[in-house]
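There are 6 protein chains.
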Amino acid sequence: MDIDNVVTGIVNSYEKYEGITKIDRGALINKNEIIKVIDLMQKILFPGFFEQKKLKSEYIKYYVGDICESIKYILNSQIVKAYRCCNDIDMEKMNHEQMQQKADVITDKFMNKIPDIIEYLNTDVQAAYEGDPAAYSLDEIIFSYPGVYAIMVSRIAHQLYLLNVPLIPRIMTEHAHSKTGIDIHPGASIGKYFFIDHGTGIVIGETTIIGEHVKIYQGVTLGGLSTRGGQALKGTKRHPNIEDYVTIYSGASILGGDTTVGKGTVVGGNAFITESVSENTKVVVKNPKLDYISSDKE
Amino acid sequence: MDIDNVVTGIVNSYEKYEGITKIDRGALINKNEIIKVIDLMQKILFPGFFEQKKLKSEYIKYYVGDICESIKYILNSQIVKAYRCCNDIDMEKMNHEQMQQKADVITDKFMNKIPDIIEYLNTDVQAAYEGDPAAYSLDEIIFSYPGVYAIMVSRIAHQLYLLNVPLIPRIMTEHAHSKTGIDIHPGASIGKYFFIDHGTGIVIGETTIIGEHVKIYQGVTLGGLSTRGGQALKGTKRHPNIEDYVTIYSGASILGGDTTVGKGTVVGGNAFITESVSENTKVVVKNPKLDYISSDKE
Amino acid sequence: MDIDNVVTGIVNSYEKYEGITKIDRGALINKNEIIKVIDLMQKILFPGFFEQKKLKSEYIKYYVGDICESIKYILNSQIVKAYRCCNDIDMEKMNHEQMQQKADVITDKFMNKIPDIIEYLNTDVQAAYEGDPAAYSLDEIIFSYPGVYAIMVSRIAHQLYLLNVPLIPRIMTEHAHSKTGIDIHPGASIGKYFFIDHGTGIVIGETTIIGEHVKIYQGVTLGGLSTRGGQALKGTKRHPNIEDYVTIYSGASILGGDTTVGKGTVVGGNAFITESVSENTKVVVKNPKLDYISSDKE
Amino acid sequence: MDIDNVVTGIVNSYEKYEGITKIDRGALINKNEIIKVIDLMQKILFPGFFEQKKLKSEYIKYYVGDICESIKYILNSQIVKAYRCCNDIDMEKMNHEQMQQKADVITDKFMNKIPDIIEYLNTDVQAAYEGDPAAYSLDEIIFSYPGVYAIMVSRIAHQLYLLNVPLIPRIMTEHAHSKTGIDIHPGASIGKYFFIDHGTGIVIGETTIIGEHVKIYQGVTLGGLSTRGGQALKGTKRHPNIEDYVTIYSGASILGGDTTVGKGTVVGGNAFITESVSENTKVVVKNPKLDYISSDKE
Amino acid sequence: MDIDNVVTGIVNSYEKYEGITKIDRGALINKNEIIKVIDLMQKILFPGFFEQKKLKSEYIKYYVGDICESIKYILNSQIVKAYRCCNDIDMEKMNHEQMQQKADVITDKFMNKIPDIIEYLNTDVQAAYEGDPAAYSLDEIIFSYPGVYAIMVSRIAHQLYLLNVPLIPRIMTEHAHSKTGIDIHPGASIGKYFFIDHGTGIVIGETTIIGEHVKIYQGVTLGGLSTRGGQALKGTKRHPNIEDYVTIYSGASILGGDTTVGKGTVVGGNAFITESVSENTKVVVKNPKLDYISSDKE
Amino acid sequence: MDIDNVVTGIVNSYEKYEGITKIDRGALINKNEIIKVIDLMQKILFPGFFEQKKLKSEYIKYYVGDICESIKYILNSQIVKAYRCCNDIDMEKMNHEQMQQKADVITDKFMNKIPDIIEYLNTDVQAAYEGDPAAYSLDEIIFSYPGVYAIMVSRIAHQLYLLNVPLIPRIMTEHAHSKTGIDIHPGASIGKYFFIDHGTGIVIGETTIIGEHVKIYQGVTLGGLSTRGGQALKGTKRHPNIEDYVTIYSGASILGGDTTVGKGTVVGGNAFITESVSENTKVVVKNPKLDYISSDKE
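Protein chains in written order, with our numbering: chain A, 971 to 1268; chain B, 971 to 1268; chain C, 971 to 1268; chain D, 971 to 1268; chain E, 971 to 1268; chain F, 971 to 1268.
The following block holds chain A by itself, in its conformation from the complex (with noise of 0.2 Å):
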């Protein structure tokens, strides 16, 4: 009958594929969860605005203590079955207790870094407001901007990824990515007052360090040089630095681990650097000469 037949070919086909099935493998990550962390630290890192009831001052404690402890419970198991899904030798050695307490004492330097991730979206709300004439307040940003979602996301998924956390920073920045098109790796170090406008297309690497004061825009990608290399590149620096008070505008590519944009340097629209440049420079693309063919004419 041909239904068997279809099934028959589909399980076979595992057999030969197994690298990318689960059967008979458990403790699988759920991304659902993990996309609940973020949405339940959203609500603590802008407490009020994605909340429908009122948070009142003399509630707060426990809203934001009853909140911490789901986080702290979500986060805790995913993470132990990310330990088990990657396939690092010193993991391998832990037992299923071990790893637990690992979890734990990650989750909990995680959860004391939250006040920080505060202090530093407070300064990227900041920024936004102060650079983009059509902002027309702090609640529109915080509602709206996606720079500033991807950004909230990046913060997180660093600080998790300073902690050794397998497979879920990706997860949580790809989920970013997904919803803004701003693709930030959380290996990338970004400092405070970072403003990303109208965002979709731009990607920052995972051995990027990004300065304070810096603004990027739409289409931006601070890249590697060449990634012919593969596997073999893993671990070295490949993304550029960017310093403090440096201004990217948009379709501008930065690239390689040893490009150093200097602080308060400005690049132009579409500038496509793979070397350092010093501060205080203004990068312009030497006008790419355009034909005005009249119409006529054609």
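In case anyone wonders, no lab produced these hints; they're calculated from the structure. Any given hint could be a false lead.
Since the list gives no way to pick out one identical chain from another, each pair is judged satisfied if it fits inside one copy or across any two copies.
Only pairs whose alpha carbons sit at most 30 Å apart, straight line, appear in this in silico DSSO-like list of lysine-lysine [said to hold, decoys possible]:
1) 1023 x 1013
2) 1072 x 1042
3) 1001 x 986
4) 1042 x 1233
5) 1001 x 1162
6) 1207 x 1026
7) 1072 x 1026
8) 1006 x 1042
Start from chain A and add chains B, C, D, E and F according to the hints.
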């Protein structure tokens, strides 16, 4: 105890950075309700496409009337909340009832614009069909073209923007931005028969004015020249004018409030334009010379 | 009364613009059901990754069989609806039963292609792992890479496209486009070991042909040269051929149906290519000179 | 393997007991859709009570019209399915279109009865208020009295029963039975001003006829004398007649198709009545003597 | 046209029977919100039983505090709406702010009663365990005994009743009635160690007073003698007093405001009691003689 | 501050009454998961009735197999949790793995009983159709008869009870009790062709034994004689035996572990039986005399 420290740390930081909290402030905008308005609008702008039941002409007026009522109901309450959020001086003098009355008047004006929106969208769908050889039917366009979705939301949001509704128009267009990668500021004025192909990475700024029969491809920016002025630039004409029958190919940037692309002009891919272009011109990037290096020599 | 005017205005405009209404027409495609097919396919293409329970090999055939049944059930009814939507002359001659029989045959053919899709996706995941130094494990790639998601949907939709199913393939790929910013037309033919990095802003046109071991970065367009012809161009070969082992870096555009990028060639970032490139070539944008203006002098 | 045995065992038993399977039979009644009809009816029978938004008189016709449309739509398709389920000889001669036409006519007739149902329910609510000293307001009755809910559903289902709709009326009243413990067969004919207090454990049989201003308490049975006949009794008058202004206290049973309780009579708690009672009588259980045993003596 | 007639017919009947409509009246009680209060109360009255995550003592205060806040928030707004619904003369003099203040005071008083409710429920669970040989553990009782659920809701509703909150207490107890078949009026006063076994069909009237250590079985009515007076009886003592250590077996009715069942008395199944019974008595129905008819003779 | 007092008061009471808390205890039974098992069982016990898609015989084994897998998966994890909840001495000696193995064995045994359950339910549906003149079809019975639902759940729960699974069987039957008003203890042993009509208010105790072809009406109690012994009675035979072909009419009580109702006997409404009745007897309540008081005289 550890958790108490975490909670205290977070709560204390709320006091420091109260600009990004809404504690003890009520009347919050509800993003989901605003998205619901978009969904309801879509049901009456393209009747029958986003409804699982078959709409019948004998019932259609009840269907439309009930949806109008729901739109009016939700919009009303969200507009009042938006008034409360914004820091407008005129608003601050109003009491709750005056705001509600103002919201009533505004909502009514908006509702009366719906037939115009339908008229415009009809031309947009037409333009998409005629402009895209890959389009097999009007149905395909309405069901699946991100450009049509983004234009629809932008036409809705623009009407609210013209009525000086704060916050809501932007939340609407950012929702469309998130789903499509097309970022049209609600302030942009757009003529009939507007066609966006593919769309991802398009930015259309607040003070842009677009004529009729304009076609735009992915990665196009209609933006400002520099944002150095920040909030000081608010309200000035910062974005270009695109006249009738202009086509702008992918990756092109047209920047500046004084920049006008004349009627019938075609702007080639990746062109970077900061000065006006006359009518019926074909602007082509003089091929930025390419080096063809044989890999033998590499 | 005001509301009556609004309703009448809207209902009247439906009569004027009936191309964008579905009133008194039934049998409508259900977008959510089509997305459900994608979700179900994902469960059997990467078994265990998107399921919260642990899959066991002793049960796997029932799991696969039941999902196959659901896919078949939904796909069947949606294909019949799609046939009714399209304006195909051959279709119009068919009655409901004939359409249903045709849909049955088509669905069966599609189901038999699933093992092939698994085979191809296995190579894609392999290519992603080998090509991306930032990838820590196959799991990370399957869970979080937008490129893998877009390719998966494209491989599903392409099979339906080859079976001449109207509407549905495009709705599928536009769903992936919305989630990833990667717009692959279901008509595009794509070889094994295809890797898309970052992805946002990628456009791959309907008649594109891509070989094996091809790598593509964000912002790449494989498009048509001009769309001036509109519907007259339908069916012609408008998009390029990309041969085996080609790498195309971010922002590059390769346009035109006669344009072929030869085997092993590397296309540099932002290259704008409208003519064929021979094999094993490295195409680099001759650096569009940059001006470095010290801000002292500005 | 074990699981295969389990599955085979189950599938084999389907062949043996096919009366209780629906395999290879389609067009199944959807219980949830039928409950949805009740919910929609409740919204227009008690307008504003079960809606979170404030209904306005200027919009009310659209609200009602749209709900009517939904009721008609769902009811129609469920009635066709019910026709297919039942084994009626007349039905079996009909093709799908004839069934659909019949369902259309029936649904229209039902819709025209809605104002009558409202009229009756108005009297029922009145009766509840006047009859129950514990009732503080009409609102309390409409919001919370199980008797009112059960009567509402019974009045809806009775109209469908009169129109010979199979299956659906019974599914409706069993839903009310499940929520309230009040089991009124849709065949029962019930006059105005009907009041059920507390309700749990009430049974009202198919051929019961109840006059106006009747009050019934918890645990009352209006039933048949014996069911020994089984299916042979179908269609015969098996349940009692209750004339106007009768009150029946808790736990009383009135049994038999020839049993009539005359106008104005009061039936005391726990009375067991199998013969007619004349008008204006007070039937009291002659106190089944109680023994009072002092626990000293026990 | 038909549908217009139906709609007009319905809308017209709203004008005739406006007592059962809420058109143009706002501020409606939301039944679902009230049920949510019950669900939240259940979470803190039996902490950990109805929560999927493990509660930890280090976090418990945040958990409780956040739930308290939610209860307070919902209860507050529903109480204000309830005040508006009721036709109380004192209420009508209040403006919205005064109502809100009153609701605040009431909610606070209610919240302070929660520890008392926990104390009482603890005794009820104890009583259930000791009284029922079929109970295997306290867990079984808390998870699955309908009696415990009904008592819990009744103890919550009774506190609100004592605070003169209209509508809400009754909606709460009717929700429990619907789930359990146990109808306890919120006015009933019930002592510690109350045990209801099986429960279905129990009615406990508004002015009932029940002592400590009382056991009640299914089908028991603690009711009024006659309801002939209707609304005129409102406020009078109509239901019995049940003193400490009384057991009432299934189907018994105890009726009348002057009826007191003395301490330690056991009321046998089906007893019908309308007069007081002294202490430590065993009341048994003198066996209503049964006829045993051999079926041979029938 | 007030809220802190409330929270402290509640948290303190948890320490006093820890029997009714689960703080710092994990592994909690999930009621919703247990209800899900019932829902899944219903899908395979009455295949096609509670599924919106048409089941086809060619696919049926995959459908059944996948549902079996889900049942097994959920049941397994809930049984382990139930073992942890109960205070059984044997259990306490087991470690987590031993419990899991035991749960595996138990679940397998249960799964193998499913064909038997189908066989029994088939007879129950048959009995309902033959016994009830109001039944129009088997479909009506399966869709809407509360008795069939209660028996189904009881037959499922009884198998788990026989396998000594704690807590879960009772939670299952209480769910059915809540929906139907029929309270069958999972310990009760019930023969084939069991028919419950109307159902509300039925109680069937733990040690009841019921033969084949038994019919029971609403309000019937098959209970214990006295519960004075409380927990001391646990495990003793406390409830009656009902032999084959017995009919018990509404409101009858049959009490006591030594009470046997002989084969073929009919117990009349409201009969109160505490001693055995011989075979083929008709037990009728000798009419408790009624007083007929003319209302003139009153």
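Here is what the structure says about each hint:
no.	hint	in the structure
1	1023 x 1013	both (12 Å within a copy, 20 Å between copies)
2	1072 x 1042	within (13 Å within a copy, 32 Å between copies)
3	1001 x 986	within (26 Å within a copy, 33 Å between copies)
4	1042 x 1233	neither (39 Å within a copy, 51 Å between copies)
5	1001 x 1162	both (29 Å within a copy, 27 Å between copies)
6	1207 x 1026	neither (47 Å within a copy, 42 Å between copies)
7	1072 x 1026	between (36 Å within a copy, 19 Å between copies)
8	1006 x 1042	both (12 Å within a copy, 25 Å between copies)
Hints 4 and 6 from the list above are not met by this structure, while the remaining hints are.
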